[in-house]
Every structure is written in C-alpha cells, then in structure tokens.
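*Asks:* Protein chains in written order, with our numbering: chain E, 16 to 299; chain V, 16 to 299.
By construction, these hints were calculated from the structure, which means they are not laboratory data.
None of these values were measured; they are calculated from a predicted model.
Check the hints yourself; a few may be wrong.
Which copy is meant is left open, so a pair is good if it fits within one copy or across any two.
In the SDA-like style, the derived pairs of lysine to any residue whose C-alpha atoms are separated by at most 20 Å in a straight line are [unchecked claim]:
1) Lys33 with Val183
2) Lys99 with Asp294
3) Lys222 with Tyr107
4) Lys244 with Tyr255
5) Lys33 with Asn157
These are the residues of each chain, in order.
Protein chains: 2
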Amino acid sequence: MKVVEAIEAIRNEVIAAKQTGLSIGFVPTMGYLHEGHVSLIEAARKDHDFVVLSIFVNPLQFGPNEDLDRYPRDFQRDEQIAQKAGVDVIFYPSVPEMYPTNMPMSIHVTSGVNVLCGSSRPGHFDGVATVVMKLLQIVQPNEAYFGQKDAQQLAIIMNMVDAFNVPVIIHGCPTVREEDGLAKSSRNVYLTKEERDEAPFLYEALKEGAKLIRSGETSRAFIRAELEKRLESGSGKVDYIDVLSYPSLEQSERLSGKVILAVAYVYKNARLIDNYIVDIQGEK
Amino acid sequence: MKVVEAIEAIRNEVIAAKQTGLSIGFVPTMGYLHEGHVSLIEAARKDHDFVVLSIFVNPLQFGPNEDLDRYPRDFQRDEQIAQKAGVDVIFYPSVPEMYPTNMPMSIHVTSGVNVLCGSSRPGHFDGVATVVMKLLQIVQPNEAYFGQKDAQQLAIIMNMVDAFNVPVIIHGCPTVREEDGLAKSSRNVYLTKEERDEAPFLYEALKEGAKLIRSGETSRAFIRAELEKRLESGSGKVDYIDVLSYPSLEQSERLSGKVILAVAYVYKNARLIDNYIVDIQGEK
Chain E
16 MKVVEAIEAI
26 RNEVIAAKQT
36 GLSIGFVPTM
46 GYLHEGHVSL
56 IEAARKDHDF
66 VVLSIFVNPL
76 QFGPNEDLDR
86 YPRDFQRDEQ
96 IAQKAGVDVI
106 FYPSVPEMYP
116 TNMPMSIHVT
126 SGVNVLCGSS
136 RPGHFDGVAT
146 VVMKLLQIVQ
156 PNEAYFGQKD
166 AQQLAIIMNM
176 VDAFNVPVII
186 HGCPTVREED
196 GLAKSSRNVY
206 LTKEERDEAP
216 FLYEALKEGA
226 KLIRSGETSR
236 AFIRAELEKR
246 LESGSGKVDY
256 IDVLSYPSLE
266 QSERLSGKVI
276 LAVAYVYKNA
286 RLIDNYIVDI
296 QGEK
Chain V
16 MKVVEAIEAI
26 RNEVIAAKQT
36 GLSIGFVPTM
46 GYLHEGHVSL
56 IEAARKDHDF
66 VVLSIFVNPL
76 QFGPNEDLDR
86 YPRDFQRDEQ
96 IAQKAGVDVI
106 FYPSVPEMYP
116 TNMPMSIHVT
126 SGVNVLCGSS
136 RPGHFDGVAT
146 VVMKLLQIVQ
156 PNEAYFGQKD
166 AQQLAIIMNM
176 VDAFNVPVII
186 HGCPTVREED
196 GLAKSSRNVY
206 LTKEERDEAP
216 FLYEALKEGA
226 KLIRSGETSR
236 AFIRAELEKR
246 LESGSGKVDY
256 IDVLSYPSLE
266 QSERLSGKVI
276 LAVAYVYKNA
286 RLIDNYIVDI
296 QGEK
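Whole structure, please, built from the sequences with the hints as guidance.
*Replies:* Have a look at this one:
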C-alpha cells in the first residue's frame, strides 16, 4: 500500500492503474477509521480492482464553534487499518495542498439543506459538497462509497453528482453498529462511560418510531413527539428529531413512501447522529 | 460531422474517440456563431484530433430582465459554420436535457465577481460557472477554449478549474474584431446602422487608455475619467468603465503589473463589452 500526499501523485497512481485496465473504487474519509469505514473499503474492494482511500479533515465543513481542532486523528492507526482492509493507495493531502489559496467559489447547496444537520450547521454541506467535488475531480474514480449513517450527506452528494453530471457512481453503504446498536462514529471516543452506556437508546428510539410507522401511524408530529419522549430521559440534549421523505428530505405532515427518521443528540464532548429509513409502501 | 442532443450520446462519442487514442478539444458556446467562435474552433482543431462544439443558451446565466428569450439563434447556420471550421461533433442539448429538475445546488462565485459584468449582472457568473462545470463533466475534454473578449468569464473559469481541480486545460483566445475594430459578438446584430457605425469608438477608447498607461500613467481614477470622457459623446449609455488587475480582477488606485481596461456599453437593444489587457512591467 502506498501513501501519497500530492494531488499530482494520486492522479498519476490512478492514471497508471486505469491504463492497465483497472477500475477504481474510492472511499473519501476524514480518517480515525472505524468499522464503518472498513465496511466501505470492503465494498469498494469487492467491486473494484484498485481502491483509493482519502484521509482529509476538511476545514470547510466545520463551523467556527465546531470541533475542527480536536477532531480525532491517528494516521498510523489509520494506515494499519487501511492496509488490512485492502486499500491500494491512501491519498493524505495537507490543507495547503487542497486549499493553496482561499476558495474563490464554492458549491452552494439550496435543496435538502435547511433540515436535520443542515439547520444546526449552516454552511456545513456547502463545505462537504465542495471538498467531495474536488476529491472526485482529483481521483476520478469509477465509483465512490459513503455511509448511510450520514444520510443527509449521502443524499446531497447523490444530488450533486446528478446536478453536475459528474461521471461517477455513488454507493451508499449500511450503517455499521456496535453490538448494543450504537452507530459507529469517530466521535464515540469522546463519550464518558455513562454517556456510552446510555447512547444506544438513540437507535432504540429510532427503531420504536419505525415500528409505529410500520403499524400504520402516518402523523409526522406524533412520531416526533414519541421520539422526543423517549429521549427526554437522557443526560444529553436533543439537537433535532425529524421524520422526512428520503432522499428528497422534504417535510410532510402525512408520512408516505420512503421516510427517514433522524436524530442528532448532543453530549458534553460529542454530537451523535443516527437515522433509520422505512419504506412505508414497501414494508406494509 | 455529427449532431447529438443527449448527454449520454456525447459521452459515448467522446469515449469512443478517446479509446482510439484521440485527444479532445472542446468549444462551449451559446451558438449564433461568428468569427470569434470560429477562431476558437480553429485553435482547438490545431491542438487536438477531435473537436466538440456545444451550443446551449444557458437560462441560468440570464437575469430576469435580460435577453434570454430574444438571444439570437440559428442552428442551421451554426451547423454549416461548425462543419466548415472542422468540428467533429456538435453537442446541442435542450434545456430539460441539461436541467431535468431545478438545480438543488450551484457554484457560487465569491471572488472577482463584484466588478465589471458581475456588478451589473448579479448571479450571472454563478450561472456561467455552473453550466461550464456541467459541460466539462459531460464532455471531459483535454482542453477547452474560451474567448478573451469575455475576460471576466475567462478569469472565473480558470479560477474554477483550479479551485475544483477539474482535469482540463483552459485556453484563452484573442478577441476577433471587425475591420473597424468592433469586437465580434452575437449581439452585434441588434445594433441600428447608426449604433454600428459608432460602436468602434469603444475599442478606440480602450486603446487610448492603454496608450496612457504605457506612457506612464498609473492612476486608475485618471484613466477611468479619460475613458468616460471619450465615451460621453456616444448615443448609448456607459454601464461600467474600469481598470483592474488581471486575472485577479482586484481594484487598486495605483496600477501595476498586468491590468485590464474593460468597458460595457448599453445601446437600445444590445449591451456590448470589450476589454484591453496591458502588461505594465512587460511593455515598459
């Protein structure tokens, strides 16, 4: 496995691989890899001959009061995990390599963005879309892999690839969970023992909400209130609870079709997100 | 020469050409071709084996009170000109082919945009950047050709390709002029006989301004005032006159380095633009 830091170097790696007829799978990450990332690498490995992993903590997607500086990083550990999972090249650029000057423009997302994480993290998805567009232009993979855990991010990236006709397939992979149901996340390391013990109740609440929907409940307000009730007992604070159409992320008081139940919950040093997708037609 | 209307069709044409080892030159236009466009096609023809011309009047770059509906169109004439100039394929998409739904996001230009045409055409360059990004993703050329006449557009597209690492070379070609100096433009057909006779004074004024700069004048205000004086006698109205650094398009009261003198002038049915670039260091 190679590690390259320069844009030109990763391009040369990919060009060389393509010239020998290999197809390219790409897994963009912010590092501090966990089994969720490993599942993305494995999916890419299964479908493609040559797997590129990028590790870049993108300043553009962090707000001024967010956790950019203390976002967890451990490159040596990431390197070992990546090698074991079958990555061919890690692209590990510095901030000046990705942003040699202030960006004179960015992608501005106007749809599916004023809900869920978008409403509490203004500009976040502009930063995500902008860096993913850059990475897709740099790596030029056949297919790129993202986790369903970041459901809004996945929806927006799918929209972006459609909107700008980027020649790549976007692949959404299921959320990987701890044994007790907590969604794997790089930010889980910031939970206290008590918080960690409590945190699986997020997924439990989502599953209960999904059960209500499956049993015929179609009121968005009712489901939100039920989820709220279940999370009241927690030691953290609800950032949002919502039930929206998926992947369009529109609010409708009467639920129908494919919907996403989504929650963001704030502990002392970590904000956790999780979601559950139910297809009302499909499952009834 | 082929004409294709579907995104998939132009992609297949380009893929087939690349597979036989051909390099791709691309000339994006809004049609109603004139000798300016022909010079772009000829430059592409000279450098590349396979030349794609796109003709698409992009609604996104027209403001609500602008001339989208009456923008001149004559596809049959364009087809003849393109064939004669050596185009291999014309990509001629409909609006629904390019924008099947409302765009859920766009490129938002924040630098080099509040001057010249950007200040009188809010959102114009967002529309330009967005459609050019789409066209570059669709066609995936080795090199794309733009006219220096639209100097701000050229600067912003060069910035875009850098900012998003789009794997393409952007080539700026010199403005093509009528014998009397008027810059070729699809909008020239809208000039009355009197306006057409008068219009070359725009280029004359720019040349005079450039002469002053070459002779040592470094005051932006003075040059602007001189240009203003020269255009006062005209039957139209000055939209802007400016002298800026190029290609960064920054305002500085003391001129130095490479600068652009630029003018936009409004006649009854046509808004004309022109510019002149002087390299103060290089020419002194």
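*Asks:* A separate judgement is required for each hint: does it hold in the structure or not?
*Replies:* Quick rundown of the hints versus the structure:
no.: 1; hint: Lys33 with Val183; result: both (14 Å within a copy, 18 Å between copies)
no.: 2; hint: Lys99 with Asp294; result: neither (36 Å within a copy, 56 Å between copies)
no.: 3; hint: Lys222 with Tyr107; result: neither (37 Å within a copy, 49 Å between copies)
no.: 4; hint: Lys244 with Tyr255; result: within (13 Å within a copy, 61 Å between copies)
no.: 5; hint: Lys33 with Asn157; result: both (10 Å within a copy, 17 Å between copies)
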